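2 protein chains.
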Amino acid sequence: MRQVALIGIGKTAFGAFGDRSLPSLAAEAVGLALSDAGIGPSSVEAFYLGNFAGPSFTGQNHLAPYIAGMAGFAGIPCTRFENACASGGSAFFHGWQSVAAGLCDCAVVAGVEKMTSRNTAQVTEILAGAGDMAGEGQAGATFPALFAMIARRHMFEFGTKREHLAAVAVKNHANGARNPLAHMRKTITLEQALAGKLVAEPLTVYDCSLISDGAAAVVIVPVSHAPRYRSSKFARVLAAVQSSDTVPLDSKPDITTFSAVTRAANQAYAQAGIGPRDVHLAEVHDCFTIAEIVASEDLGFTPKGDGGPFAAAGCTAMGGVIPINTSGGLKSKGHPVGATGVGQLCDLVQQLRGEAGDRQVAKHQIGLAQNLGGSGGTCVITILEAA
Amino acid sequence: MRQVALIGIGKTAFGAFGDRSLPSLAAEAVGLALSDAGIGPSSVEAFYLGNFAGPSFTGQNHLAPYIAGMAGFAGIPCTRFENACASGGSAFFHGWQSVAAGLCDCAVVAGVEKMTSRNTAQVTEILAGAGDMAGEGQAGATFPALFAMIARRHMFEFGTKREHLAAVAVKNHANGARNPLAHMRKTITLEQALAGKLVAEPLTVYDCSLISDGAAAVVIVPVSHAPRYRSSKFARVLAAVQSSDTVPLDSKPDITTFSAVTRAANQAYAQAGIGPRDVHLAEVHDCFTIAEIVASEDLGFTPKGDGGPFAAAGCTAMGGVIPINTSGGLKSKGHPVGATGVGQLCDLVQQLRGEAGDRQVAKHQIGLAQNLGGSGGTCVITILEAA
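The listed protein sequences derive, respectively, from chains W and E. According to my numbering, the first sequence is numbered sequentially starting from 1. According to my numbering, the second sequence is numbered sequentially starting from 1001.
These aren't lab readings, by the way, just hints derived from the structure by calculation. Treat the hints loosely; a few may be bogus.
[What the hints assert, rightly or not] Chain W side only, calculated, beta carbon under 7 Å to chain E, not exhaustive:
hint, residue
1, Ala-53
2, Pro-55
3, Gly-69
4, Arg-80
5, Phe-81
6, Asn-83
7, Gln-97
8, Gln-242
9, Gln-271
10, Ile-274
Model, not experiment: these values are computed from the prediction. For glycine and all other residues, C-beta sits at the position ideal for the given N, C-alpha and C.
In isolation and in its complexed conformation, chain W is listed as follows (with noise of 0.2 Å):
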């Protein structure tokens, strides 16, 4: 397997684009990511597109090679990944495997969603398609009721309170406020978190991420070819991984953990040859505050059930022990589904790389990327060094 570089990332601003079509907004994400590459399409040997529902929330399916036309790189292999809110991890996984393995030596990796074209209620319902229709959606559990579920579990088991929960979205907040591209950038305070509106007791809107139009790109190439398009500064992945889980919630024996994020932490540090206490950032998978404290638990950050605690005290905040989503994560940046797994590693790049202005952080030599789809069905995992 060869070493592989990301040699340019794109992105687009995340928000409500109502003007905005979703190939055009792909496309905008790929034109940035080539550009910052320094290359054109013509390089490009094939193209991975992350995207969750777009033909449900727009019509227009057959994504690929549609977004490929106007990116300016039709005639190569063009597809579309979809693992719910993992699609655009699950792009990224596939792109670096053939990269990694030869298959070819230049591939886009773009994310892309556009669902601000429908209302809350079908957006609800499209985003429930992510879970158990037959089980979980017949009985009215879209994803909100899922996380509070593992919420109050969470809480009973380990003494989580709402406060630690607040903790994380006022955390993500304040870093999300700090960037340009982020949805939603206001600060809020604890007390106001926690007299949040509720959508599904214990979580409020200040627990749930954002519905969000937006697309990501990347350019991966051979590490040992990338001198060839960047004289400097890009990004090695140590470790790519993508793992799965049974779909529905009442299938798992513990919902305070999921699975394909462990095994997948598990081979990623394997493959990197690290532990968790070696890496320096994260970017992971907010779809609900509850889903961040998970994830630190599940990735090693801390043990299991301290999660919120280790929030609460500051420890994931920019300065801490392990700071997470200093982006804002999909809490305050916003989570256009597809798009999520790809601007995870923009923004850990421009971590990386030492350009993420007023929101960088000290130590920036490995950052990891955690991507999860559903309420746990699909997790990628990706390490990243700066080179």
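Given the structure of chain W, go ahead and fit chain E onto it with the hints provided.
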């Protein structure tokens, strides 16, 4: 790159199965393929699922881990691949890459679609998503209209006649009538085909493929491992190629040929080290009869423009120069979109093994499958050899 073997195949019947869920169809096909290979689910290291529009047809998304959980292989990478009607072929292409490149030693590739849960108008709209919704879709041009334009142009350029189109339908119905798993098992006469109800002039109902439910699956391993699993009768992959083109029909300089097909065919023949004359039989993507005629030209079985007379002369029938769609094709066997590309491979392997019963062709050493997405935005070509 390692040589890859198909050691197991499994297909459900194609048809209208109101009482069956999409996941249950896929799980059935996977189970049949595992049984055929003589292995259990714990041997499988990765799961590749082709599905075009399960979420739009059924509401359920995140289908790869969902079906994997039912099939007994949660924990491994499970991904859904979408490339319109070439979704199944695209899943196979990526699975093949993975085994060929040594990324895994045993993969299952499945394809599935459940279309009959929606009414015809809804199905037509969902299918239109494989085209250009902002242009073609806005203009009301659904797929029968797009392929009708292709047919009209082919008639204008090359003198192709409605009798040529009808000959393809008659042949495919004759073949499908002898396929126990086909959706529409009835023979038709040339007169019936010509008198069919018009859908989009010059295409009648007999020129259009079917709206079907169904699933198919294959098990792939390195050829060097094949003896561990089966003592005999597997198929070797001589070539697997995926190519693309722009999606909107009006972006193509010539609509009587698909550049994604000619490009993929050239690459596939080079990869296999053979030419079109060496192919003993083919399963091609007859979403419409004109598509089979164009495919027979683009694949080099007959000169450009000659596909109509070639079919009408019986050259593509059982016992002809190159038997095409001995399964009955999408026209008679059915076209559960995401299943089609994988189903073609199952049908070829059955022929290559000499197990096609009264549809068995005499020369069955080398078979080719051509799977088309939309009006040529994607093409996957696979060439198999009996081992």
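A quick look at each hint next to the structure:
Using the Cβ-Cβ criterion of 7 Å, the hint placing Ala-53(W) at the interface with chain E is satisfied: the shortest such distance is roughly 6 Å. A cut of 7 Å between beta carbons decides the hint on Pro-55(W): the least distance to chain E is about 5 Å, and the hint holds. Below 7 Å, beta-carbon pairs count as interface contacts, and Gly-69(W) has one with chain E at about 4 Å; its hint therefore holds. Restraint check, Arg-80(W) versus chain E: the minimum CB separation of about 4 Å is within 7 Å; hint holds.
Because the beta carbon of Phe-81(W) sits about 6 Å from the nearest beta carbon in chain E, less than 7 Å, this interface hint is met. Residue-level restraint check for Asn-83(W) holds (minimum Cβ-Cβ distance to chain E is 6 Å; threshold 7 Å). The beta carbon of Gln-97(W) is positioned within 7 Å of a beta carbon in chain E (closest approach about 6 Å), and the interface hint is therefore held. For Gln-242(W), the shortest C-beta to C-beta distance to chain E is roughly 4 Å, which falls under 7 Å, so the interface hint holds.
Interface restraint check for Gln-271(W): the shortest CB-CB distance to chain E comes to about 13 Å, outside 7 Å, so the restraint is violated. The interface hint given for Ile-274(W) is violated, since its Cβ lies 21 Å from the closest Cβ of chain E, which is over the 7 Å cut-off.
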